[in-house]
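Protein sequence lines correspond, in order, to chains F and L.
Mapped onto numbering that gives the first Met the number 0, the consecutive letters of the first sequence carry residue numbers 0 to 298.
Mapped onto numbering that gives the first Met the number 0, the consecutive letters of the second sequence carry residue numbers 0 to 351.
Mixed in with the good hints there might be a few duds.
The calculated lysine to any residue pairs, modelled on SDA-like cross-linking and capped at a C-alpha distance of 20 Å, are [stated by the list, open to error]:
id, chain 1, residue 1, chain 2, residue 2
1, L, Lys315, F, Glu195
2, L, Lys315, F, Ala194
3, F, Lys1, F, Asp68
4, F, Lys155, L, Glu144
In case anyone wonders, no lab produced these hints; they're calculated from the structure.
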Amino acid sequence: MKKLSAAIVGSGNIGTDLLIKLKRSPWIEPRFMIGIDPESDGLRRAREMGLETSADGLKAVLEQGVRPDIVFDATSAKAHVRHAKLLREAGIQAVDLTPAARGPYVIAAVNLEEHLDSPNVNMVTCGGQATVPMVYAVSRVVGVRYAEIVATIASKSAGPGTRANIDEFTQTTARALEAIGGAKRGKAIIILNPAEPPILMRDTIYCLMEDASSATKAKVLESIEQMVRHVQTFVPGYRLNREPIFQGDLVSISIEVEGLGDYLPVYAGNLDIMTAAAVKFGEEYARHRMQVASAEEAR
Amino acid sequence: MSYRYKIEITDVTLRDGMHAVRHQFSVEDAKAIASALDKTGVAKIEASHGDGLGGSSIQYGFSKESEEDYVGAVCQTVQRSQVVALLLPGIGTLEDLKRAVDLGIRGVRVATHSTEADISAEHMEEARKMGLDVVGFLMMSHMTETERLVEEAKKMASYGAHCVYIVDSAGAMLMDEVRKKVSALREALPDDVQVGFHAHNNLGVAVANSIAAVEEGAYRIDASLAGLGAGAGNTPLEVFVAACEKYGIETGVDLYAAMDAAEDVVRPRMARPVLTDRTALTLGYAGVYSSFLLHSERAAKQFGVDVRDILVELGKRRVVGGQEDMIVDVAYEIAHGREANADGPVSFVHRG
Chain F
0 MKKLSAAIVG SGNIGTDLLI KLKRSPWIEP RFMIGIDPES DGLRRAREMG
50 LETSADGLKA VLEQGVRPDI VFDATSAKAH VRHAKLLREA GIQAVDLTPA
100 ARGPYVIAAV NLEEHLDSPN VNMVTCGGQA TVPMVYAVSR VVGVRYAEIV
150 ATIASKSAGP GTRANIDEFT QTTARALEAI GGAKRGKAII ILNPAEPPIL
200 MRDTIYCLME DASSATKAKV LESIEQMVRH VQTFVPGYRL NREPIFQGDL
250 VSISIEVEGL GDYLPVYAGN LDIMTAAAVK FGEEYARHRM QVASAEEAR
Chain L
0 MSYRYKIEIT DVTLRDGMHA VRHQFSVEDA KAIASALDKT GVAKIEASHG
50 DGLGGSSIQY GFSKESEEDY VGAVCQTVQR SQVVALLLPG IGTLEDLKRA
100 VDLGIRGVRV ATHSTEADIS AEHMEEARKM GLDVVGFLMM SHMTETERLV
150 EEAKKMASYG AHCVYIVDSA GAMLMDEVRK KVSALREALP DDVQVGFHAH
200 NNLGVAVANS IAAVEEGAYR IDASLAGLGA GAGNTPLEVF VAACEKYGIE
250 TGVDLYAAMD AAEDVVRPRM ARPVLTDRTA LTLGYAGVYS SFLLHSERAA
300 KQFGVDVRDI LVELGKRRVV GGQEDMIVDV AYEIAHGREA NADGPVSFVH
350 RG
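Here chain F stands alone, though its shape is the one from the complex (with noise of 0.2 Å):
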């Protein structure tokens, strides 16, 4: 089995814990890192690790006659708009890690293998990713009128992507919520931290249901704890704070999300979660690819 050969766009926290995570996976390789900062750590870093870097930026790389089977773009919104383009032109099938949400959103949690087949997925924000899950876990069980989701970082954890994309980041999540969460309305609330040590992920996520009978509850809480198990498989550092708080028709969830370490230290679990969750959907496509091609093969 040939792995699919990758290209990670983007060489800051995100961009550089990706890079470690796609090292060890079976389905892809990641063979090519491109920044535009020469002396960025995450490019030094990939450069040892073999990967062939460039810090002229992606267009410059296409140019050269490079084509990857999958490109993860770890760089910023606006950067995105371009990339999804030229990625688009080039037939490549293009992972954003951006809040750009140019392409469907996928939330590895809850509809990994609905967008398979579409050329440019987004993988909304960390935020998404952690929260959307448990807005989903209440959806599937009662109607949710409004779900709102607050998500504190550790300051060190956020980069100057991050940074620069607050509203991008509030927004793009506040959709996700309402169209992968289920919930009617969605809003997003991110702050940052800057306590030393620094503090975990963590994020609250209330939800207003439509009904809050006492079985009703029962089922919510047990559909809330199914779904910190599946999240659980591929970030092993989901969890609960407390158990869920009910107060008339108001659920209230605290999960903390500690990160593998891989790049940045285990604080930055908003890193893991959302680069874990890339690597998941890049696989989940891997698999897909390749049932095609044998498919196509066979007939």
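Since chain F is already given, all that's left is putting chain L on it; use the hints.
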């Protein structure tokens, strides 16, 4: 008499004051207060949800009125003053700001935690392009060393701020600290960028701190009628104006009009008196965000724990503005005890 200093006051009754009434001011309340404020001659009037544009939420409390109705009513009522709004990137967005500009606001105060100025770049640059008066608001300034505050203030100035504020969100600063931090900003920022100061009265020194700030070169000072604001409230406008008169600080505010507005218009609308009770005092003492006051009292009741224990623990964890969700989690932990960690599937250990 001749004045030694000239300053400009921004009134925050209709914004910070919203915390003290759980964001429940009606359009009628807003109009009455805005009209009374306009008559005082105060330079600027801030109006929005307590947590700024887009702040209406489960996390911070839903507003009684829509933003459009509330901010719109203030803009339509006010004739002399400039109406401004608060925006916290991460809560409100540029879209929210554009809507507020359409309603008639003429300035925006972009607030970040005092170490996170760079998340305000886009909002400030765009606000400047829209022709707004732009203020940078460094929240929880007591948590951050002077040198770092200077760095962050310079960033905000580079994004286009006309003025950068030292914001004592926790009411935890005393006069020496105010002097040090305000004078450092004044010294480091270009002459055409003003310095501002926003106080909370949790340690009973809001007026004294504000005067110290003026002496160190602050040009803009925040105040609110009868001190209505989060925690033990803000610098009371009427008290501050009277003190400024005696001290030789020109504010442009009519003292009697401010007294009347506080007494006749705002006091009857208070959900509870603004005072330095044990909870508000603990905020200042522990260095906790003033808006946590009512949320903490509610959580203390819900979980049967002492509100002071919650606040002191939050202070220890260096929780920042906006983290109201931590209140319930900390109250829950205190109520359930740490031993819950040992035998349950759920981990309560905090590593922050």
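Evaluated hints:
| no. | hint | in the structure |
| --- | --- | --- |
| 1 | L:Lys315 - F:Glu195 | 11 Å, holds |
| 2 | L:Lys315 - F:Ala194 | 10 Å, holds |
| 3 | F:Lys1 - F:Asp68 | 12 Å, holds |
| 4 | F:Lys155 - L:Glu144 | 17 Å, holds |
The structure is consistent with each of the numbered hints, conforming to all of them.
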